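Engineer: Chain residues, written in single-letter form:
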Amino acid sequence: MLFDRLGLSLHYIKPRTTVTSKQQVKMFHGKELWQVVSMASRWTRASCSLTLNLYRWNKTFIHTSSCHRKCELTSKRYQVKRGNYNQINDQNIKFFTELLGPHRIIEGESELEGHNTDWLDTVRGVSSVLLKPKTTEEVSAILTYCNQHRLAVCPQGGNTGLVGGSVPVFDEIIISTNLMNKVENVDTWSGVVTCQSGCVLEALDQHVADFGLMVPLDLGAKGSCHIGGNVSTNAGGLRLLRYGNLHGSVLGVEAVLASGEVVDCMTAMKKDNTGYDLKHLFIGSEGTLGLVTKIAIHCPSRPQAVNLAFLGLSSYENVLKTYVAAKSKLGEILSSCEFIDRSSLECVEENLKLKPPISSHEYYMLIETSGSNGTHDEEKLNIFLEDVLGSGIVDDGTVASEPSRMLHIWGLRERIAEALHHEGYTYKYDISIPLSHFYKMVEDMREHLGSKIIRCCGYGHIGDGNLHLNITTEEFDKEVLNHIEPAVYEWTSKVKGSISAEHGLGFKKRNYIHYSKSSGAVTIMKQMKKLLDPNGILNPYKVLPDE
Amino acid sequence: MSLRVLVGVKRVIDYAVKIRVRPDKLGVVTDGVKHSMNPFDEIAIEEAVRLKEKKIAKEVVAISCGPTQAQETIRTALAMGADRGIHVEIPAKEVEKLEPLHVAKIMAKLVEQEKADLVVLGKQAIDDDSNATAQMTAALLDWPQATFASKIEKTDGELQVTREVDGGLEIIKVKLPAVVSADLRLNEPRYATLPNIMKAKKKKIAKMKAADLGVDTSPHFEVLDVADPPVREAGIKVEDVDTLVTKLKDAGRI
Numbered sequence: 001m002l003f004d005r006l007g008l009s010l011h012y013i014k015p016r017t018t019v020t021s022k023q024q025v026k027m028f029h030g031k032e033l034w035q036v037v038s039m040a041s042r043w044t045r046a047s048c049s050l051t052l053n054l055y056r057w058n059k060t061f062i063h064t065s066s067c068h069r070k071c072e073l074t075s076k077r078y079q080v081k082r083g084n085y086n087q088i089n090d091q092n093i094k095f096f097t098e099l100l101g102p103h104r105i106i107e108g109e110s111e112l113e114g115h116n117t118d119w120l121d122t123v124r125g126v127s128s129v130l131l132k133p134k135t136t137e138e139v140s141a142i143l144t145y146c147n148q149h150r151l152a153v154c155p156q157g158g159n160t161g162l163v164g165g166s167v168p169v170f171d172e173i174i175i176s177t178n179l180m181n182k183v184e185n186v187d188t189w190s191g192v193v194t195c196q197s198g199c200v201l202e203a204l205d206q207h208v209a210d211f212g213l214m215v216p217l218d219l220g221a222k223g224s225c226h227i228g229g230n231v232s233t234n235a236g237g238l239r240l241l242r243y244g245n246l247h248g249s250v251l252g253v254e255a256v257l258a259s260g261e262v263v264d265c266m267t268a269m270k271k272d273n274t275g276y277d278l279k280h281l282f283i284g285s286e287g288t289l290g291l292v293t294k295i296a297i298h299c300p301s302r303p304q305a306v307n308l309a310f311l312g313l314s315s316y317e318n319v320l321k322t323y324v325a326a327k328s329k330l331g332e333i334l335s336s337c338e339f340i341d342r343s344s345l346e347c348v349e350e351n352l353k354l355k356p357p358i359s360s361h362e363y364y365m366l367i368e369t370s371g372s373n374g375t376h377d378e379e380k381l382n383i384f385l386e387d388v389l390g391s392g393i394v395d396d397g398t399v400a401s402e403p404s405r406m407l408h409i410w411g412l413r414e415r416i417a418e419a420l421h422h423e424g425y426t427y428k429y430d431i432s433i434p435l436s437h438f439y440k441m442v443e444d445m446r447e448h449l450g451s452k453i454i455r456c457c458g459y460g461h462i463g464d465g466n467l468h469l470n471i472t473t474e475e476f477d478k479e480v481l482n483h484i485e486p487a488v489y490e491w492t493s494k495v496k497g498s499i500s501a502e503h504g505l506g507f508k509k510r511n512y513i514h515y516s517k518s519s520g521a522v523t524i525m526k527q528m529k530k531l532l533d534p535n536g537i538l539n540p541y542k543v544l545p546d547e
Numbered sequence: 001m002s003l004r005v006l007v008g009v010k011r012v013i014d015y016a017v018k019i020r021v022r023p024d025k026l027g028v029v030t031d032g033v034k035h036s037m038n039p040f041d042e043i044a045i046e047e048a049v050r051l052k053e054k055k056i057a058k059e060v061v062a063i064s065c066g067p068t069q070a071q072e073t074i075r076t077a078l079a080m081g082a083d084r085g086i087h088v089e090i091p092a093k094e095v096e097k098l099e100p101l102h103v104a105k106i107m108a109k110l111v112e113q114e115k116a117d118l119v120v121l122g123k124q125a126i127d128d129d130s131n132a133t134a135q136m137t138a139a140l141l142d143w144p145q146a147t148f149a150s151k152i153e154k155t156d157g158e159l160q161v162t163r164e165v166d167g168g169l170e171i172i173k174v175k176l177p178a179v180v181s182a183d184l185r186l187n188e189p190r191y192a193t194l195p196n197i198m199k200a201k202k203k204k205i206a207k208m209k210a211a212d213l214g215v216d217t218s219p220h221f222e223v224l225d226v227a228d229p230p231v232r233e234a235g236i237k238v239e240d241v242d243t244l245v246t247k248l249k250d251a252g253r254i
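Respectively, the protein sequence lines represent chains Y and F.
Using my numbering, read the first sequence as starting at 1 and increasing by one per residue.
Using my numbering, read the second sequence as starting at 1 and increasing by one per residue.
Rather than coming from a laboratory, the hints here were simulated on the basis of the structure.
Since we're looking at a predicted model, the values are computed, not measured.
Watch out, some of these pointers could steer you wrong.
Unchecked claim - List of simulated lysine-lysine pairs, DSS-like, C-alpha gap at most 27 Å:
1) F:Lys105 <-> Y:Lys353
2) Y:Lys134 <-> Y:Lys70
3) F:Lys199 <-> Y:Lys380
4) F:Lys199 <-> Y:Lys321
5) Y:Lys355 <-> F:Lys97
6) F:Lys151 <-> Y:Lys355
7) F:Lys18 <-> Y:Lys182
8) Y:Lys132 <-> F:Lys209
9) Y:Lys327 <-> F:Lys201
10) Y:Lys329 <-> F:Lys34
11) Y:Lys355 <-> F:Lys209
12) Y:Lys380 <-> F:Lys55
13) F:Lys247 <-> F:Lys58
14) Y:Lys380 <-> F:Lys115
15) F:Lys54 <-> Y:Lys355
16) F:Lys199 <-> Y:Lys329
17) Y:Lys329 <-> F:Lys58
18) F:Lys55 <-> Y:Lys94
19) F:Lys52 <-> Y:Lys355
20) F:Lys115 <-> Y:Lys355
21) F:Lys209 <-> F:Lys105
22) F:Lys173 <-> Y:Lys327
23) F:Lys34 <-> Y:Lys380
24) Y:Lys271 <-> Y:Lys355
25) F:Lys93 <-> F:Lys115
26) Y:Lys134 <-> F:Lys237
27) F:Lys105 <-> Y:Lys355
28) Y:Lys134 <-> Y:Lys321
29) F:Lys18 <-> Y:Lys329
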């Protein structure tokens, strides 16, 4: 069969582009591809090019390898003007090579394809240099030099960001935290963990699990994202409802400013009211005020008993009623409350072939409880489930406490972004709006966009009032983008919501900041940026709006 | 022709949990570790329930030999569609030493008591990988066996079973009553939905001891040592083919 001849495993091929008699070939599963290719061989070989998209499997996360379809250059698609920075020359390369050694500097655009593009294939830069420091001192040396020579840099962790904030726009030097992955200390009494910013979230969580602790943050990208990136973007995730956001759980930050100066705000104390709390500047500023090199984070105790319920509902009103019931009956043990609409789950079913545990419903909810006593929690959960089922606000559902089953059910929620990516191009919006308006936004946008799109779906952290609105088309379409933006931002602004609940502004949303922040606030932000990074070398073209 | 089907379900450590060797090196840590139904047994229950839905079976009985918590496993089976359960209680200390032969003897005795027509078991348990219980049960009952079933069809008084074997697929006919062991591709087990979980609470689970069935559970084996698999060693990079050949020669590989 074709796959055997190409020596490729069927498991790794996913359906992608469309077939025409001229250019591209449609990828179907197994036998259908064989039919298509045998048709193709009847035409002239020259007129048919096979586009193979190979996906490297990475536990819960997929990152496209360098064989992915090249997306348009950010600078071209979004008409961005390059800032007043110097070009990299051989002298600079010599300095970095001497500082880090030849193995920790990667050169060449083709080598850096994966680092120049985000995993959604929506933005692409042209950096030709990637540096891999191991220590804070090396980061400091790099930034001191770059500041002196007016070279722009782009800090990069796991490159899992969703707003184009983790990749260069032009030829910024990429500073990767890949090798800064040491866990320095785990204090079992206080639960405070001190580590470098390049620790992969999942690996860090598994490390502290041995001590009976857990990282207070969980998101679908955990297999790839770095804790430094999470802190720099103030990532939210699935358990914010229970453990709060990083401004609360991060106790200390060590960051390097653009000048190379190391700002030491590290402390392992839960309470420290001594002066202005500078660490908050680095949490959520997306690498534009400083490069985070170390963090101290308070890790709560790992729960002894976790239960997960997957529910099917028929109306959004019932979703809200269930949420209220969950808060009152499950209260202290509620650790996650997620919401998925029918379209999102259908996408996961179709594209990833994952089977949901219950039949088709209009809306679904995932409710997770975490506690110290399994028997007590099960009793509370059973009372809650009997109540919502009995009163008819929930139509069907299932509940699981076995890790294997919970993993599968969580997969249905965590892999929606991946499933959407299979359809082509995703226009992703992450907004905080009042719960009463949650689903209306999805319905309004669906109506507004009509047949121009493949899918308009909504899912998200209903417990936090955070909706992920996603629209897909086969390829990037400027017309569709203009139809969506600024309509979606105006809608959000009208209900006094936030245009970016947890994804940040990055590159894609920087110019819409005024929909959620006053001009006075933005002015002070610009002043602070000027103060901490006068040459503007740290992650330019991101977060703050263009002049 | 309506069959009474007995299905064996085993409570094992959940497959997503990291296994740790006990300090005494005679077993693995089970205290406080999450357990669930053996995945192959889920497939067995699912098949039995499907037979009932097709009206080929009239009753599905879920049986588990294990500690008190095995009742949770039986409840899961009941929530998936089994009609009633039988819990053969094994004291917690002896659970580890329970062997396939003991379980087979228990199953054989229960088959006689319940007058069952079909026994469906998972092909193996994911903790011991014995792959022996179904075969032993069939031998004790002198019944035909159809192991590694990936498809079961009923034809008058017989079952046509497709088996997954090393060479491919083998289709055999077995006369009823028979013992079948379920393989991975037999079906995809359903999730127990909430209304069924509620209903399952009311279904009966009979309790008994192995001695009540006249089965002696004294072990025939003694575990000497349990150890982690050896840690994978890092590879080394070599500069050129000559060095590679030298290194391979040194290691006695060529």
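Engineer: Take the hints in turn and mark each one as holding or not.
Structural biologist: These are the hints, each one checked on the structure:
no.: 1; hint: F:Lys105 <-> Y:Lys353; verdict: violated, 41 Å
no.: 2; hint: Y:Lys134 <-> Y:Lys70; verdict: violated, 31 Å
no.: 3; hint: F:Lys199 <-> Y:Lys380; verdict: holds, 18 Å
no.: 4; hint: F:Lys199 <-> Y:Lys321; verdict: holds, 25 Å
no.: 5; hint: Y:Lys355 <-> F:Lys97; verdict: violated, 37 Å
no.: 6; hint: F:Lys151 <-> Y:Lys355; verdict: holds, 20 Å
no.: 7; hint: F:Lys18 <-> Y:Lys182; verdict: holds, 23 Å
no.: 8; hint: Y:Lys132 <-> F:Lys209; verdict: violated, 64 Å
no.: 9; hint: Y:Lys327 <-> F:Lys201; verdict: holds, 26 Å
no.: 10; hint: Y:Lys329 <-> F:Lys34; verdict: holds, 25 Å
no.: 11; hint: Y:Lys355 <-> F:Lys209; verdict: violated, 39 Å
no.: 12; hint: Y:Lys380 <-> F:Lys55; verdict: violated, 38 Å
no.: 13; hint: F:Lys247 <-> F:Lys58; verdict: violated, 66 Å
no.: 14; hint: Y:Lys380 <-> F:Lys115; verdict: violated, 41 Å
no.: 15; hint: F:Lys54 <-> Y:Lys355; verdict: holds, 22 Å
no.: 16; hint: F:Lys199 <-> Y:Lys329; verdict: holds, 22 Å
no.: 17; hint: Y:Lys329 <-> F:Lys58; verdict: violated, 40 Å
no.: 18; hint: F:Lys55 <-> Y:Lys94; verdict: violated, 78 Å
no.: 19; hint: F:Lys52 <-> Y:Lys355; verdict: holds, 23 Å
no.: 20; hint: F:Lys115 <-> Y:Lys355; verdict: violated, 37 Å
no.: 21; hint: F:Lys209 <-> F:Lys105; verdict: holds, 13 Å
no.: 22; hint: F:Lys173 <-> Y:Lys327; verdict: violated, 56 Å
no.: 23; hint: F:Lys34 <-> Y:Lys380; verdict: holds, 20 Å
no.: 24; hint: Y:Lys271 <-> Y:Lys355; verdict: violated, 46 Å
no.: 25; hint: F:Lys93 <-> F:Lys115; verdict: violated, 31 Å
no.: 26; hint: Y:Lys134 <-> F:Lys237; verdict: holds, 22 Å
no.: 27; hint: F:Lys105 <-> Y:Lys355; verdict: violated, 37 Å
no.: 28; hint: Y:Lys134 <-> Y:Lys321; verdict: violated, 50 Å
no.: 29; hint: F:Lys18 <-> Y:Lys329; verdict: violated, 32 Å
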